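Colleague: Take a look at the letters that make up each chain.
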Amino acid sequence: MMSAIFANLPALQVILPLLFAPICFLLRKRGAAWLLAFCVSLCTFAVSIALFMQVSAAGPLSYAMGGWDPPWGIEYRVDSFNAPFLVLLSLMFCVTLAFSYKSVEKEIVQPRHALFYSAFMLCVAGLLGIVITGDAFNVFVFLEISSLSSYILISFGKDRRALTAAFQYLIMGTIGATFLLIGIGFIYMMTGTLNMADLAVRLPSVMDTHTVRAAFAFIIVGMSIKVALFPLHVWLPNAYGYAPSAASVFLAATSTKVSLYVLIRFTFTVFGAGFAFGAMPLQPILLVLAVTAVFVGSLSAIFQTNIKHVLAYSSVAQIGYMVIGFALASHAGLSAGILHMFNHAVMKGCLFLVAGCVFYRFRSARIEDFRGLGKTMPWTMGAFVVGGLGLIGMPLTAGFVSKWYLIMAALDHGFVGFLIIAAVLAGSLLAVAYVWRIVEVAYFQAPDEVHENGKEAPFILLVPAWFMALLTLYIGIDPSLVVGAAESAALSLLGSTP
Amino acid sequence: MTDLSLLTLPFMPFFIAALAVMFIASSSVRSALMLAVPIASGFLLLQEQSGVALTMPFMGYELVPFRTDKLSFLFGYLFCIASFIAILFSLHVKDRVQHTAGLFYAGSAVGAVFAGDLLSLFFFWEVMTVSSVFLIWARQTDGAFRCGMRYLIIQVASGLLLLAGALMILHSTGSLAFNEIGLESQAGYVILLAFGIKAAFPLLHNWVIDSYPQSTVTGAVFLCCFTTKVAVYALARGYAGADILIYIGAVMVIFPIFYAVIENDLRRVLSYSMISKVGFMVCGIGIGTELAINGAVATAFNHVIYKSLLFMSMGSVLHMTGRIRASDLGGLYKSMPLTTILCVIGAASISAVPLFGGFVSKGMILTAALDQKLDFVWLCLLFASAGTFYYAGIKICYFTFFGQDSGLRAADPPKHMLLAMGLAAAMCVFIGLYPALLFGLLPFEVDYIVYDTTHVLAQLQLLAFVGLGFVWLKISKLGPPDLRSVNLDVDWIYRKFLPESIRCALGLLIADYGRLKRFFCDLFHQYIMGGLIRHHGPHGILARAWPIGSMVLWVAVLLFFYLIFYYF
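Chains P and W are the protein sequences, given in the same order.
Position one of the first sequence corresponds to residue 274 (the working numbering), numbered consecutively onward.
Position one of the second sequence corresponds to residue 402 (the working numbering), numbered consecutively onward.
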């Protein structure tokens with residue numbers, strides 16, 4: 274029995290949430306649906322940890338779906354690049370569910386709760402599938418699963434604008450997915466295979482054709498939409514801003530990271546760094562866009578009046594940092610980018626959880642709602658300050674570790690590196706402006722009548738928020754685990770290229 | 402003590418108490434705890450010996466969060482004393498956020514001077530920044546908020562420069578140790594700029610003038626003690642003997658004097674005076690001889706004591722009367738006799754009257770300048786000493802406590818405030834009378850005789866003539882009038898001068914000046930200021946929801962460019 278489970282862990286990772294999502298919907302009862310989802314999330318987390326341990330002990334793991342050997346069948350492949358992403362996804366799955374029992378109760382009308390939880394589980398299943406699969410077409414399938422369910426999640430938002438936001442995201446997301454499909458179609462046409470490892474072997478002989486170049490362009494642009502890389506970021510702020518709090522927490526922490534994962538996976542594993550950064554001028558394009566993203570995102574965040582929008586625009590800027598790391602294409606740069614993907618997920622998760630706590634109390638998260646929160650909701654604000662310090666990149670928080678490695682990586686690149694460092698530092702300054710503005714409001718402005726009698730958020734909401742806050746601090750104090758994971762991920766990516 | 406652990410480091414009592422204070426509702430328990438903190442920290446310091454270091458692995462590097470030598474000990478003791486005085490002075494404050502911020506601020510200053518590597522230094526540097534801004538915001542005015550934001554941005558910029566410089570050093574040498582840095586590499590200049598912002602180098606000094614007068618009565622006392630002194634410590638450790646500092650110091654010493662003489666807000670006068678005094682220290686560090694370094698460090702020690710005394714007495718006046726402009730005050734000696742006496746002691750000390758603390762240290766830097774044949778620098782310093790006596794020694798006391806009677810009859814401040822001031826005043830006198838105690842703490846052996854005939858006579862002459870000058874200016878009414886006014890500083894260059902001069906230059910070239918002027922005004926207001934808000938504001942083009950059509954257009958444009966780039 275146990276050995277059967279262990280042999281099929283990669284399949285279980287995706288099947289668990291996928292299978293239980295419809296059951297969750299059939300349960301109908303709010304409490305039962307939540308409990309089922311939560312149990313599934315714990316199992317998923319356990320599976321991801323087991324996979325992570327297995328991979329770090331014994332190296333990459335290949336699993337033939339349904340007994341069909343790759344490259345004919347679908348291969349699930351767990352290596353040191355995607356194993357930590359599985360852990361991150363299932364961790365956020367647990368944390369968000371712990372948060373969502375109370376939060377969803379307040380934000381979504383009663384009969385739809387079961388629907389919310391099953392859509393949420395489908396979304397998680399899709400994201401896990403994207404990360405774990407070793408088959409290019411399978412990526413597209415799971416991308417569609419996760420996207421369709423996240424449109425549903427966003428449209429649950431109470432604000433009517435959630436519907437337009439979801440619709441916009443739907444259009445943009447579909448274009449992105451279609452581009453990815455076109456790209457995959459092109460390379461399938463040239464090589465006759467869909468397995469990533471097999472593609473990597475066969476592509477070099479047809480590298481110099483227009484078809485492969487077009488495929489590469491389509492995949493990069495398509496995934497840039499899903500990553501929300503400037504100037505294709507416009508769908509993101511409204512989607513995160515108007516979604517129900519629980520959905521924004523999960524999507525903000527994971528969904529763009531997974532898309533960036535796909536981008537990195539295709540660039541390094543399928544096409545190879547030599548093609549992407551040698552033959553194609555990917556580096557200058559991405560660097561320019563990413564640096565612009567840092568400035569545009571941060572400046573826009575400063576002027577927002579809704580905290581969720583502030584955080585969403587800050588995400589646009591932070592995605593810029595990740596893409597900078599990726600675009601440097603060196604071992605140091607790639608590990609810095611991957612490291613920041615984890616760290617940012619933790620910090621942004623923490624901050625969106627705080628926004629959710631405030632939303633729970635006041636049914637909105639405008640900056641006025643933060644007035645006097647330092648006194649009325651000290652624990653909530655405490656978590657916000659920790660997460661905010663992380664975004665700024667103060668020492669002893671996760672953000673500092675990212676900044677440190679990113680600057681170290683940029684130092685290897687001469688003059689361009691100096692420009693990048695300047696951009697990173699300027700981005701931190703702008704982060705001070707948008708984070709500390711909120712802190713000032715919370716601690717020094719007197720609340721009006723509505724907010725004067727605000728109470729601390731319920732304990733059950735504070736637990737996940739503080740869990741993420743403490744995780745931010747933990748990574749800041751002892752980053753060895755995350756840094757180690759990011760470095761071996763980068764090594765496996767660069768090592769697998771010819 | 403042989404076994405060093407993180408918990409017994411001298412900054413720890415501050416950090417622990419800072420968190421604890423948040424949760425203590427009873428004000429007497431809180432006061433007792435806060436007063437115990439600097440004492441506990443000082444006690445921990447007494448246990449340590451010189452030359453020990455605590456190492457800690459972090460991100461694959463050996464960090465040294467604690468290492469001791471004479472230089473850091475001196476600043477450590479100084480900050481313990483200063484924070485005790487500042488805490489005592491602020492006991493009446495009910496706002497717990499301010500207490501927490503003050504303790505974090507003082508604690509990180511103590512931590513910074515024992516940091517043995519650049520990363521630890523950066524950590525304390527940032528904690529100082531983030532905590533001190535609360536002392537400005539705590540005044541809760543709109544001006545204080547915006548000023549705090551400016552202060553925060555400038556200070557964080559300094560921290561980021563320090564980080565960038567540290568990484569550059571790490572990248573080129575592989576070590577993060579914080580010792581002599583020097584100016585051989587680019588990294589040296591980047592870090593010098595970082596320190597320079599904190600030390601209020603000329604043109605980088607605006608934040609002092611901007612923020613200190615805006616902070617709360619008690620916050621100003623904390624602020625005047627730590628930030629610039631940590632920068633002086635860092636300069637002394639990293640850049641001792643760097644020639645450029647001599648000239649930076651000389652400029653720093655001179656230019657604030659003119660502002661201080663005409664300034665009306667008395668806490669701003671003190672802020673300008675602080676820059677001038679820090680200039681003395683920078684100059685001493687630049688000269689770099691043993692005597693000069695000793696002088697710089699001793700000046701820092703004295704300066705913290707007498708400057709906090711002056712900020713406390715001006716704070717008391719502001720606290721009791723609600724006014725701080727020289728033109729609104731006067732004749733307060735009748736109702737505030739104790740404050741008057743204490744303020745005069747502080748003024749005597751800052752003016753380096755013999756038998757007071759300031760006299761002991763000032764002469765050391767002057768003598769060192771003469772020893773190195775830096776006559777011009779010596780003249781600058783001498784001129785500045787005269788200026789100091791004029792604006793700090795005479796002006797402050799005269800306009801507040803004597804002078805034209807304003808009719809204000811405020812009483813002396815509460816006991817704990819008087820006690821704090823009394824403590825500082827006692828130290829001023831004590832150091833003046835027994836300089837040996839301070840000399841024992843200095844980093845190098847001292848063979849400098851404080852009270853020899855030349856020093857005393859020269860200083861007395863200087864003081865006497867400045868005093869005469871003041872009287873003459875008063876009688877002849879030639880002195881700058883004490884008006885309600887706003888003085889322009891270097892920010893005028895970028896706020897006013899550059900735009901104006903561009904406008905004038907263009908106006909000369911092009912005859913139709915009126916239209917052009919309107920055009921440039923529009924350009925500035927609409928396109929630069931308005932442009933930021935228009936593009937990034939909640940309804941700005943970069944921040945609002947685009948119609949789907951234009952988003953898709955962007956996708957097409959981007960794909961087009963990718964294809965172009967890839968094909969050709």
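Hints in this document: simulated from the structure, not taken from any laboratory.
These figures come from a predicted structure and were not determined experimentally.
Virtual Cβ for every residue (Gly too), placed ideally from N, Cα, C.
Any given hint might turn out to be false.
Derived DSSO-like pairs: lysine-lysine, alpha-carbon spacing no greater than 30 angstroms straight-line [said to hold, decoys possible]:
# : chain 1 : residue 1 : chain 2 : residue 2
1 : P       : K375      : P       : K302
2 : P       : K648      : P       : K379
3 : P       : K431      : P       : K728
4 : P       : K648      : W       : K735
5 : P       : K728      : W       : K875
6 : P       : K379      : P       : K431
Here are some chain P residues the structure puts well away from chain W; computed CB gaps all over 10 angstroms [said to hold, decoys possible]:
#  : residue
7  : G339
8  : L669
9  : W739
10 : S753
Colleague: Now tell me, hint by hint, if it's right for this structure.
Modeller: We went through each hint and held it up to the structure:
Straight-line distance between C-alpha atoms of K375/P and K302/P comes to about 15 angstroms, which keeps the hinted pair within the 30 angstroms bound. At roughly 23 angstroms between alpha-carbon atoms, K648/P and K379/P fall within 30 angstroms of each other, so this suggested pair holds. Our distance criterion of 30 angstroms between C-alpha atoms is met by K431/P and K728/P, whose separation comes to about 22 angstroms. Distance hint between K648/P and K735/W is unfulfilled; the C-alpha atoms sit about 42 angstroms from each other, more than 30 angstroms.
For the given pair, K728/P sits about 61 angstroms from K875/W by alpha-carbon distance, which is inconsistent with the 30 angstroms threshold. The straight-line distance between the Cα atoms of K379/P and K431/P is roughly 10 angstroms, inside the 30 angstroms bound, and the hint therefore holds. With 10 angstroms as the threshold on Cβ separation, the claim that G339/P sits away from chain W holds: the shortest Cβ distance comes to roughly 36 angstroms. For L669/P, the condition that its CB be more than 10 angstroms from all CB atoms of chain W is violated, with the nearest at approximately 7 angstroms.
Residue placement check: W739/P keeps its beta carbon more than 10 angstroms from all beta carbons of chain W (closest about 15 angstroms). The claim that S753/P lies off the interface is violated: its Cβ sits roughly 8 angstroms from the closest Cβ of chain W, which falls inside the 10 angstroms cut-off.
Taken one by one, the earlier hints fail for this structure at numbers 4, 5, 8, 10, listed in ascending order.
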